[in-house]
Amino acid sequence: VRQYKAEEDLISKIIVLMVMIIRSLNVPVAFGLGMFLEGVGIPFASSPMLIVASNESSKSLLTYFLSIFFGMIGGTAGSLVSYGIGMGITTPLFNRRLLRKKDEEREISRARKFLIDHGDKSILLAQLFGTTRTFISIPAGALRMKIWRFTLYSAIGSAIWCAAALGIFTIFHTYYNKL
Numbered sequence: 321v322r323q324y325k326a327e328e329d330l331i332s333k334i335i336v337l338m339v340m341i342i343r344s345l346n347v348p349v350a351f352g353l354g355m356f357l358e359g360v361g362i363p364f365a366s367s368p369m370l371i372v373a374s375n376e377s378s379k380s381l382l383t384y385f386l387s388i389f390f391g392m393i394g395g396t397a398g399s400l401v402s403y404g405i406g407m408g409i410t411t412p413l414f415n416r417r418l419l420r421k422k423d424e425e426r427e428i429s430r431a432r433k434f435l436i437d438h439g440d441k442s443i444l445l446a447q448l449f450g451t452t453r454t455f456i457s458i459p460a461g462a463l464r465m466k467i468w469r470f471t472l473y474s475a476i477g478s479a480i481w482c483a484a485a486l487g488i489f490t491i492f493h494t495y496y497n498k499l
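Residue numbering for the sequence shown follows my numbering, beginning at 321 and increasing consecutively.
Mimicking PhoX-like on lysine-lysine, the simulated pairs with C-alpha atoms at most 25 Å apart in a straight line are: (1) K466 x K433; (2) K441 x K466; (3) K379 x K498.
Across the chosen pairs, the derived CB separations fall in these ranges: (4) A483 x F455: 14 to 24 Å; (5) K433 x M340: 47 to 57 Å; (6) E328 x G408: 39 to 49 Å; (7) G361 x K433: 20 to 30 Å; (8) N346 x R430: 43 to 53 Å; (9) G361 x F389: 16 to 26 Å.
Think of the hints as simulated: they come from the structure by calculation, not from any bench. Glycine included, every Cβ here is placed at the ideal spot set by N, Cα and C.
Take the sequences, apply the hints, and build the full model.
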């Protein structure tokens, strides 16, 4: 029982800290920061900020659109950092370790072909779903997806996700506040 109380206290303190950060940074910018952190590999980093941003968005349409904009910028910037990590770290590993065998060479070729044929759709769809949004960028960088295409589809996917998530939570907050 004591352990659960300590965990609840810790969670409460984290939530209070997040609310203070969001209010001091301004809601849309803080949401963008959460999306950036999610893009560089911290899964669900934007979730606590999403809750506060949607509450504030229920009071102001401008806050809603600014949160989408900064969320898209943050998500895309974080994805680009992870893309760079994939390009800088993973590619040398492929070149040194995996390409030594012909079978593995064919597997890399198949992955590159898949990326050429379906990479745009993969990036766009991955941006719409939780953990895949966080980790899709590293393989895209490792397989050298064209960066302008990666950036474009990451931005579109981030904008769609931000608009949908903020919209759903904003509607919830609007109706909850009326109760």
